[in-house]
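**Q** Protein chains in written order, with the numbering used here: chain A, 1 to 309; chain B, 1 to 558.
Calculated directly from the structure, the hints in this document are not laboratory data.
This structure is a prediction, so every number in the text was calculated from the model and none was measured.
Some clues are possibly wrong.
[Stated by the list, open to error] Reference excerpt, derived from the structure (chain A facing chain B, CB under 10 Å, subset only):
| hint | residue |
| --- | --- |
| 1 | 30 |
| 2 | 37 |
| 3 | 45 |
| 4 | 48 |
| 5 | 51 |
| 6 | 81 |
| 7 | 84 |
| 8 | 148 |
| 9 | 152 |
| 10 | 162 |
| 11 | 166 |
| 12 | 167 |
| 13 | 253 |
| 14 | 254 |
| 15 | 256 |
[Claimed, not checked] What follows is a set of in silico ranges between Cβ atoms, one per label pair, in the way DEER data are often shown:
| hint | chain 1 | residue 1 | chain 2 | residue 2 | range |
| --- | --- | --- | --- | --- | --- |
| 16 | A | 51 | B | 516 | 37 to 47 Å |
| 17 | A | 51 | B | 104 | 33 to 43 Å |
| 18 | A | 291 | B | 535 | 51 to 61 Å |
| 19 | A | 291 | B | 233 | 33 to 43 Å |
| 20 | A | 65 | B | 498 | 45 to 55 Å |
The beta-carbon is built from N, C-alpha and C at its ideal position, and this holds for glycine as well.
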Amino acid sequence: MKGYITKRLIYMFITLFLIASATFFLMKIMPGTPLSNAAKLTAEQEAIILEKYGLNDPIPIQYVKYMANVVTGDLGVSFQFDGRGVTGLIMDRIGPSATLGTQAIIFGAIFGILLGILSAIRYNTIWDYLATIVAVIGISIPSFVFAALMQYYIGVKLQWFPVAFWGGWEHTVMPTAALAVFVVAVSARFTRTELLEVLGQDYITTARAKGVSGFSVVFKHGIRNALIPLITILGPLAIGLMTGTLVIERIFSVPGLGEQFVRSIQTNDYPVIMGTTLFYSFFLILVILIVDILYGIIDPRIRIAGGKD
Amino acid sequence: MRKSKWSLLLTLTLVLSMFLAACSGGGGNDGESSDGNSGNDGKDGGNTDVPQVLNILESAEIPTMDSVMGTDAVAFQVMAETMEGLYRLGENMEPVEGMAEKHEVSEDEKTYTFHLRDAQWSNGTPVTADDFVYAWRKAVNPDTGSQYNFIMGDLKNANAIMAGDMKPEELGVEAVDEKTLKVELEQPVPYFISLTTFATFLPQNEEYVEGQGDQYALEDENLIYNGPFTLTDWKHEEGWVLKKNPDYWDAETVKLDEINVKVVKETSTGVNLYETGKIDRVGLSSEYVNKYKEHEDYKTFEEPVMFYLKMNQENEILANVHIRKAIQAAVNKEDLVNVILNNGSLAANYFVPKGFVTHPETGEDFREINGDLIKSDPEVAKEHWEKGLEELGKEEVTLEILGGDSEVAKKMDEYLKNQLETNLPGLTINLKSVPFQQRLDLDDNMEYELQNSGWGPDYADAMTFIDMWVTDGGHNKTGFSNEKYDKLVKDAKTTLTSEPAKRFEAMLEAEKLLIEEEAVLAPLYQRARAQLWKPYVKNVYQNSFGPDYSYKWAYIEK
Numbered sequence: 001m002k003g004y005i006t007k008r009l010i011y012m013f014i015t016l017f018l019i020a021s022a023t024f025f026l027m028k029i030m031p032g033t034p035l036s037n038a039a040k041l042t043a044e045q046e047a048i049i050l051e052k053y054g055l056n057d058p059i060p061i062q063y064v065k066y067m068a069n070v071v072t073g074d075l076g077v078s079f080q081f082d083g084r085g086v087t088g089l090i091m092d093r094i095g096p097s098a099t100l101g102t103q104a105i106i107f108g109a110i111f112g113i114l115l116g117i118l119s120a121i122r123y124n125t126i127w128d129y130l131a132t133i134v135a136v137i138g139i140s141i142p143s144f145v146f147a148a149l150m151q152y153y154i155g156v157k158l159q160w161f162p163v164a165f166w167g168g169w170e171h172t173v174m175p176t177a178a179l180a181v182f183v184v185a186v187s188a189r190f191t192r193t194e195l196l197e198v199l200g201q202d203y204i205t206t207a208r209a210k211g212v213s214g215f216s217v218v219f220k221h222g223i224r225n226a227l228i229p230l231i232t233i234l235g236p237l238a239i240g241l242m243t244g245t246l247v248i249e250r251i252f253s254v255p256g257l258g259e260q261f262v263r264s265i266q267t268n269d270y271p272v273i274m275g276t277t278l279f280y281s282f283f284l285i286l287v288i289l290i291v292d293i294l295y296g297i298i299d300p301r302i303r304i305a306g307g308k309d
Numbered sequence: 001m002r003k004s005k006w007s008l009l010l011t012l013t014l015v016l017s018m019f020l021a022a023c024s025g026g027g028g029n030d031g032e033s034s035d036g037n038s039g040n041d042g043k044d045g046g047n048t049d050v051p052q053v054l055n056i057l058e059s060a061e062i063p064t065m066d067s068v069m070g071t072d073a074v075a076f077q078v079m080a081e082t083m084e085g086l087y088r089l090g091e092n093m094e095p096v097e098g099m100a101e102k103h104e105v106s107e108d109e110k111t112y113t114f115h116l117r118d119a120q121w122s123n124g125t126p127v128t129a130d131d132f133v134y135a136w137r138k139a140v141n142p143d144t145g146s147q148y149n150f151i152m153g154d155l156k157n158a159n160a161i162m163a164g165d166m167k168p169e170e171l172g173v174e175a176v177d178e179k180t181l182k183v184e185l186e187q188p189v190p191y192f193i194s195l196t197t198f199a200t201f202l203p204q205n206e207e208y209v210e211g212q213g214d215q216y217a218l219e220d221e222n223l224i225y226n227g228p229f230t231l232t233d234w235k236h237e238e239g240w241v242l243k244k245n246p247d248y249w250d251a252e253t254v255k256l257d258e259i260n261v262k263v264v265k266e267t268s269t270g271v272n273l274y275e276t277g278k279i280d281r282v283g284l285s286s287e288y289v290n291k292y293k294e295h296e297d298y299k300t301f302e303e304p305v306m307f308y309l310k311m312n313q314e315n316e317i318l319a320n321v322h323i324r325k326a327i328q329a330a331v332n333k334e335d336l337v338n339v340i341l342n343n344g345s346l347a348a349n350y351f352v353p354k355g356f357v358t359h360p361e362t363g364e365d366f367r368e369i370n371g372d373l374i375k376s377d378p379e380v381a382k383e384h385w386e387k388g389l390e391e392l393g394k395e396e397v398t399l400e401i402l403g404g405d406s407e408v409a410k411k412m413d414e415y416l417k418n419q420l421e422t423n424l425p426g427l428t429i430n431l432k433s434v435p436f437q438q439r440l441d442l443d444d445n446m447e448y449e450l451q452n453s454g455w456g457p458d459y460a461d462a463m464t465f466i467d468m469w470v471t472d473g474g475h476n477k478t479g480f481s482n483e484k485y486d487k488l489v490k491d492a493k494t495t496l497t498s499e500p501a502k503r504f505e506a507m508l509e510a511e512k513l514l515i516e517e518e519a520v521l522a523p524l525y526q527r528a529r530a531q532l533w534k535p536y537v538k539n540v541y542q543n544s545f546g547p548d549y550s551y552k553w554a555y556i557e558k
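Construct the entire structure; sequences and hints are all you get.
**A** Put into structure tokens, the structure is as follows:
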């Protein structure tokens with residue numbers, strides 16, 4: 001197991017290096033400059049300022065300089081926010097995004113799983129159909145539609161929760177709910193399908209034959225096996241949610257990372273683009289690794305490299 | 001072992017569902033109580049003094065608070081409220097006293113001597129002439145990387161310093177003594193006083209700035225202020241609070257105690273906040289105008305920002321003046337502003353915007369004197385078009401419009417295509433939408449045929465619209481070159497500077513030449529902003545250059 005993890009960690013850094021390199025060159029192909037006042041500057045004035053930031057150097061030289069800095073942990077300084085370090089920018093913005101993402105994943109998965117269990121044990125009844133409808137709506141309607149509807153009806157009309165802004169927990173309720181809808185739908189569908197399959201297995205029949213109660217069969221024997229595939233999708237989904245979701249953050253004016261990332265691309269803010277990409281990739285790879293390890297713990301059948309240990 | 005883990009998860013699930021149930025219950029209560037509070041606020045307001053608090057939105061985070069680095073509306077706005085230069089923009093955009101009490105101008109109008117008042121920074125240090133010298137030198141120093149320092153180009157030696165050919169110390173600004181600042185210009189600049197209100201000309205205290213090092217201006221506590229308000233509670237991407245500065249020299253004029261600013265990027269969110277009474281002003285995009293057009297809070301403000309089709313004369317078809325005149329006349333601009341933009345924007349048959357500058361003697365608006373220089377008329381368009389095609393020996397031509405990639409920009413370009421193709425037989429228009437940054441690159445390299453472009457002023461003088469079209473001007477990029485035009489601009493900048501009326505007339509003539517005779521551009525519209533304002537907000541001045549608003553004199557009256 002140790003050897004396996006070491007190997008995976010080495011791969012992880014190689015992957016990160018490749019991602020960084022690819023992003024760097026792709027980013028440099030993007031037209032335009034990172035200068036915020038380019039519309040008012042003449043070509044000569046622009047050249048003087050670009051010189052100051054080392055952006056007139058040939059791209060391979062810029063690449064080597066950048067990578068050397070990254071290795072020492074220096075992600076550089078933002079262009080759009082004069083003088084602000086990229087690491088600080090990401091750390092400032094990740095808080096709200098992570099809070100919303102975590103809440104959405106936790107509440108979404110719990111409700112989704114419960115809904116999925118309900119559909120599976122009440123298979124082909126009105127409960128199953130209702131749960132299916134909820135799931136289909138959740139998957140097919142984008143979260144910003146829910147966000148906009150909630151903002152208007154719950155925020156403006158009923159005034160139960162604040163319309164926007166970031167502050168106490170009450171500000172997180174509507175964005176969390178908007179983000180969780182998709183998670184609910186996905187986990188409900190997965191749980192239902194998997195649980196139905198598991199409940200059809202021989203060992204479940206055996207359990208029932210032994211006289212184990214219906215509740216016990218589902219919760220003790222069924223769910224554990226049914227949830228394994230769900231872990232595969234929830235990991236990356238969680239990272240997607242926790243690192244920020246542009247539209248929801250815009251609608252509820254949440255100072256998160258998603259909005260920040262998109263704007264850095266629009267404004268050619270090279271250091272922020274690179275920093276955020278690396279940050280995001282790092283977590284994604286890390287979570288995939290954790291999921292793979294968890295797999296082995298949850299399901300002995302998939303214990304990786306078990307033979308070697 | 002396994003069993004216990006499993007039951008742990010179940011317990012966790014249960015606890016979390018309870019927590020969620022508690023949340024939604026709490027939410028309901030909270031809603032009720034906040035309703036009650038707002039009711040009380042209303043009553044209190046009627047009986048006693050109204051709290052002098054203004055709640056507004058900005059569309060973005062403050063990109064920088066280092067005054068020499070500012071380039072955008074958000075930064076300019078906060079800087080204007082928290083800091084003060086030699087002069088400040090007052091009502092009707094008149095420069096009013098700031099750090100300078102008065103000034104003298106030399107005989108040749110190239111030397112200004114400013115006398116500073118006794119004022120202090122928020123850390124107690126007095127504001128001195130050295131603070132201006134320090135900040136201005138910093139701005140023109142190429143190592144600083146300022147992107148707006150070209151606005152200082154009229155200061156003696158400024159351009160040479162910015163190009164790296166001279167030292168920042170050689171800039172034409174000098175502290176004669178603590179309270180006297182002497183400024184030398186390359187040539188007389190009739191609007192220099194209004195220029196000194198601009199953010200790039202704000203002072204900075206050397207000792208403080210150097211003491212902060214690379215932390216300067218990054219947070220509200222890494223700054224000192226000398227303006228009507230101080231910046232506090234600056235939470236990046238969330239908002240900030242402007243608090244009345246008790247040490248401001250004119251603090252008794254300032255009535256607002258607090259301006260709460262929140263960052264909101266979605267118009268729909270802003271409108272919802274306005275509807276719930278959380279904010280006192282909201283900007284409307286065109287899709288919201290129909291809903292609120294009849295609302296009593298609805299207001300529009302015409303900005304001096306012009307949009308037009310740039311025509312590249314290096315293209316053989318567009319090199320023909322009749323073709324250009326045909327394009328000028330072929331578009332129905334009334335429909336463009338009323339249907340597509342729908343926010344109070346004005347159909348423009350001119351280039352120097354309405355309500356921007358007035359004749360120095362008669363006080364008449366530039367626009368009233370020159371009036372409409374062209375008109376939209378399909379007949380006229382067709383006439384010029386046929387003449388142009390005949391001269392070119394062509395029957396069919398294809399042109400491309402380069403435009404922005406926003407929804408409104410695309411809709412507008414579709415409309416232009418339709419209008420031009422309908423009214424100019426034999427013309428085919430292709431559309432190309434690109435992101436803003438890319439359009440600037442293509443413009444720089446003159447890789448376009450027709451371009452939907454815009455320009456806003458940098459200072460309060462028609463020259464900011466006129467001088468960009470001189471031969472090889474940095475922003476000309478149309479290939480337009482006209483000796484008479486160049487001479488008019490040169491005269492206005494040199495020989496006529498001491499004769500404001502004649503100078504103004506030279507610019508009037510230049511505009512006619514640009515639009516009416518040479519048809520360099522096809523003007524489309526002058527932009528307006530449509531907004532909702534709570535009626536109790538009084539005395540906020542709207543500006544057409546520099547900061548969008550002046551809050552120094554604003555107050556709340558319920």
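**Q** All the hints need checking, so say for each whether the structure fits it.
**A** Okay, the hints, checked on the actual structure:
Contact between residue 30 of chain A and chain B, as hinted, is supported at the beta carbon level, the nearest pair being about 8 Å apart and thus within 10 Å. For residue 37 of chain A, the shortest C-beta to C-beta distance to chain B is roughly 4 Å, which falls under 10 Å, so the interface hint holds. For residue 45 of chain A, the suggested interface contact is upheld, since its CB lies about 6 Å from the closest CB of chain B, less than 10 Å. At a threshold of 10 Å, the smallest CB-CB gap from residue 48 of chain A to chain B is about 5 Å, leaving the interface hint in force.
At its closest, the beta carbon of residue 51 of chain A sits 8 Å from a beta carbon of chain B; the interface hint therefore holds under the 10 Å criterion. Residue-level restraint check for residue 81 of chain A holds (minimum Cβ-Cβ distance to chain B is 6 Å; threshold 10 Å). The beta carbon of residue 84 of chain A is positioned within 10 Å of a beta carbon in chain B (closest approach about 6 Å), and the interface hint is therefore held. The restraint placing residue 148 of chain A at the interface with chain B holds, with a minimum CB-CB distance near 7 Å, inside the 10 Å limit.
Given hint, residue 152 of chain A at the interface with chain B, holds; its Cβ is 6 Å from that chain's nearest Cβ, closer than 10 Å. Because the closest C-beta pair between residue 162 of chain A and chain B is about 8 Å apart, less than 10 Å, the hint holds. A distance limit of 10 Å between C-beta atoms decides the matter here; for residue 166 of chain A the minimum to chain B is near 5 Å, and the interface restraint holds. This hint holds: residue 167 of chain A has a C-beta 9 Å from the nearest C-beta of chain B, less than the 10 Å allowed.
Annotation: residue 253 of chain A was flagged as interfacial toward chain B, and the flag holds, the nearest CB pair being 5 Å apart, inside 10 Å. Interface restraint check for residue 254 of chain A: the shortest CB-CB distance to chain B comes to about 9 Å, inside 10 Å, so the restraint holds. Look at residue 256 of chain A: its Cβ gets to within about 8 Å of chain B, closer than 10 Å, so that hint holds up. For residue 51 of chain A paired with residue 516 of chain B, a C-beta distance near 41 Å keeps the hint of 37 to 47 Å intact.
A hinted range of 33 to 43 Å for the beta carbons of residue 51 of chain A and residue 104 of chain B is consistent with their spacing of about 39 Å. Between residue 291 of chain A and residue 535 of chain B the Cβ separation comes to about 57 Å, which falls inside the hinted range of 51 to 61 Å. In this structure the hint that residue 291 of chain A and residue 233 of chain B lie 33 to 43 Å apart at CB holds, the actual value being about 41 Å. As the Cβ distance of residue 65 of chain A to residue 498 of chain B is approximately 52 Å, the hint placing it in 45 to 55 Å holds.
Comparing the model with each earlier hint shows no violations; every hint is respected.
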